[in-house]
Amino acid sequence: MLGLQPSPTPPLGSGVADCQYEVQSLTPEAHGSTFLAMRNTRYVVAAAFVLVGLVFIGQGVGLIPGSFMTGEIIWAVIGAGLILAGAALVWLTRRSTAS
Numbered sequence: 001m002l003g004l005q006p007s008p009t010p011p012l013g014s015g016v017a018d019c020q021y022e023v024q025s026l027t028p029e030a031h032g033s034t035f036l037a038m039r040n041t042r043y044v045v046a047a048a049f050v051l052v053g054l055v056f057i058g059q060g061v062g063l064i065p066g067s068f069m070t071g072e073i074i075w076a077v078i079g080a081g082l083i084l085a086g087a088a089l090v091w092l093t094r095r096s097t098a099s
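So for the sequence shown, this note's numbering puts the first residue at 1; every next one is plus one.
By construction, these hints were calculated from the structure, which means they are not laboratory data. One thing to keep in mind: the hints can contain errors.
[To be verified] For each label pair, taking beta carbons as the anchor points, the in silico distance ranges come out as:
(1) LEU84 - GLY62: 20 to 26 Å
(2) ARG95 - GLY71: 36 to 42 Å
(3) GLY71 - TYR43: 30 to 36 Å
(4) SER33 - VAL61: 41 to 47 Å
We put the CB at the ideal spot given by N, CA and C, even for glycine.
Start from the sequences, fold in the hints, and give me the full structure.
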């Protein structure tokens, strides 16, 4: 499995005999292209959230006509939530790459 390596056998009586794997962190140094692909995918998903959120807000407040969503304020609220989710995803991605 990705990110899992066999751990050394624990000493007898340690109570962790069932633990056979330890999780390694995903850092650029350890996993190179996999890490970069995950990071870039997160940025693309975050950008999609923000763009869809902007469209939802535009339709919800009536700036973009021609949809059942036009003029329904609930779509503006959902759009704001999507923008916040996109911003949170960018923040979490930047935070995980900084450490």
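We went through each hint and held it up to the structure:
1. Between LEU84 and GLY62 the beta carbon distance is about 22 Å. The supplied range of 20 to 26 Å therefore holds.
2. Between ARG95 and GLY71 the C-beta distance comes to about 38 Å, which sits within the given range of 36 to 42 Å.
3. Separation of GLY71 from TYR43 is about 33 Å and conforms to the stated range, judged on CB atoms against 30 to 36 Å.
4. For SER33 paired with VAL61, a C-beta distance near 42 Å keeps the hint of 41 to 47 Å intact.
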